Amino acid sequence: MKDVNLTFILLALIAEIVGTVGGFGSSVFFVPLGNFYFDFQTVLGLTAIFHLSSNLSKIFLFKKGLNKRLLLVIGIPSVLFVVLGGFLSNIIDSTYLEISLGIFLVGFSLLFLIKKSLTISPNNKNAIIGGSFSGFSAGLLGTGGAIRGLTMASFNLEKSVFIATSAFIDFMIDFSRTFVYFNNGYIHKHDLKYVPYLFVIGVVGSFIGKKILHHIPQNKFRRLSLFLIFVIGMISMAKLIKK
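Using the working numbering, the first residue of the sequence shown is number 1, and each one after it goes up by one.
Rather than coming from a laboratory, the hints here were simulated on the basis of the structure. It should be emphasised that the depicted structure is a prediction, and the values quoted were computed from it without experimental measurement. Note that the Cβ used here is the ideal one computed from N, Cα and C, for glycine as well. It cannot be assumed that every hint is accurate.
[Unchecked claim] Derived BS3-like pairs: lysine-lysine, alpha-carbon spacing no greater than 25 Å straight-line:
hint	residue 1	residue 2
1	Lys210	Lys116
2	Lys115	Lys159
3	Lys220	Lys116
4	Lys159	Lys193
5	Lys68	Lys210
6	Lys159	Lys211
7	Lys189	Lys68
8	Lys68	Lys125
9	Lys159	Lys220
10	Lys116	Lys159
11	Lys159	Lys210
12	Lys115	Lys125
13	Lys210	Lys220
14	Lys115	Lys220
[Said to hold, decoys possible] Between beta-carbon pairs, the in silico distance windows are:
hint	residue 1	residue 2	range
15	Lys239	Leu6	17 to 27 Å
16	Leu88	Lys220	18 to 28 Å
17	Ser94	Val204	25 to 35 Å
18	Ile114	Val195	36 to 46 Å
19	Ile99	Ile120	41 to 51 Å
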C-alpha cells in the first residue's frame with residue numbers, strides 16, 4: 001500500500017459501482033475523478049487497464065447472452081474509431097482535451113435530465129454512427145460508454161443482455177486502445193502499482209453494482225447518476241479555470 005493514494009482507490013470503487021448501476025460505465029466518473037490525481041494522459045492509460053477487468057467481470061456476471069448482431073454493428077466501428085481517437089489524443093493539447101471532457105459531461109447530463117424520453121431509432125445506420133462516436137470519444141477523452149448506452153437502449157434489450165453486450169463491446173474497445181496508449185507513452189511504469197487494485201475494484205464494483213440493481217430501479221438511479229455527472233463536469237471545468 002506504500003505510495004498508493006487510498007482516496008483515489010475508494011473513488012475508483014465508487015465510480016465502478018455507480019457506473020454499473022447507472023448504465024453509463026465507470027469511465028464517465030473515473031476519468032474526471034482521476035484528473036484530480038494524475039495528468040490527463042496517465043488517466044487515459046489507467047482507464048483502459050481498469051476497464052479490461054471491469055468489463056470481463058460484467059461479461060461473467062451478466063452472462064445470460066449476447067446480442068451478436070449489435071456486437072458486430074456497434075463493436076466494429078467502435079474499435080476502428082477508438083484507435084483513431086487514441087492517436088489523436090497524443091496530438092491535441094491535453095488542456096483542450098480536459099475542457100472538451102468537461103463540456104461533454106455537462107452537456108450530456110443536462111441533455112438527458114431535460115429530455116427524459118430522448119431515444120434513437122433502432123436501425124443499423126444509427127447503431128454504426130453511435131458505435132463510431134462512442135469509440136472515438138473513448139479513445140480521445142477516455143469515456144464513450146454513455147453514447148453507446150444511448151444507442152443500445154433504443155433496441156430495448158433485456159437488462160442482462162444489454163449489460164453483457166455493452167461490456168463485451170467495451171472490452172474490445174479497451175483492448176484496442178491499451179496498445180495505442182502504450183505506444184503513446186501513457187502507461188508509465190511507476191503507475192503500474194495501481195493495476196492490481198484496479199483489477200480487484202473492477203470485479204468487486206461490478207458485483208456490488210449487480211446486487212444494487214436488484215433493489216433499486218435503474219431509471220431512478222440513472223437520474224442520480226446524471227446529476228453526479230453534471231456536478232463532476234462542472235467541478236472539472238472550474239478546476240481548469242483556476243489553473
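Quick rundown of the hints versus the structure:
For the proposed pair Lys210 and Lys116, the alpha carbon gap of about 24 Å is at most 25 Å, so the pair holds. Pair hint Lys115 plus Lys159 holds up; C-alpha atoms about 22 Å apart against a cutoff of 25 Å. About 12 Å separates the Cα atoms of Lys220 and Lys116, which keeps this hinted pair within 25 Å; it holds. Only pairs whose Cα atoms come within 25 Å are accepted, and Lys159 paired with Lys193 is rejected, the gap being roughly 34 Å.
Distance hint between Lys68 and Lys210 is fulfilled; the C-alpha atoms sit about 22 Å from each other, no more than 25 Å. A threshold of 25 Å between alpha carbons decides the hint, and for Lys159 with Lys211 the separation of about 13 Å falls inside it, so the pair holds. As the CA atoms of Lys189 and Lys68 are separated by approximately 37 Å, the hinted pair breaks the 25 Å bound. Annotation: proposed proximity of Lys68 to Lys125 holds, straight-line Cα distance about 16 Å (limit 25 Å).
For the suggested pair Lys159 and Lys220, the alpha carbons sit about 15 Å apart, so the restraint of at most 25 Å is met. Between the alpha carbons of Lys116 and Lys159 the distance comes to roughly 19 Å, so the proposed pair stays at or under 25 Å and holds. For the hint pairing Lys159 with Lys210, the CA-to-CA distance comes to about 11 Å; that is within 25 Å, so the pair holds. Distance hint between Lys115 and Lys125 is fulfilled; the C-alpha atoms sit about 22 Å from each other, no more than 25 Å.
A threshold of 25 Å between alpha carbons decides the hint, and for Lys210 with Lys220 the separation of about 15 Å falls inside it, so the pair holds. A hinted pair counts as satisfied when its Cα atoms are at most 25 Å apart, and Lys115 with Lys220 qualifies at roughly 15 Å. For Lys239 paired with Leu6, a C-beta distance near 21 Å keeps the hint of 17 to 27 Å intact. A beta carbon spacing of about 37 Å between Leu88 and Lys220 contradicts the range 18 to 28 Å that was offered as a hint.
Between Ser94 and Val204 the CB atoms are about 30 Å apart, so this pair conforms to the stated range of 25 to 35 Å. Separation of Ile114 from Val195 is about 39 Å and conforms to the stated range, judged on CB atoms against 36 to 46 Å. At about 27 Å, the CB distance of Ile99 to Ile120 disagrees with the hint of 41 to 51 Å.
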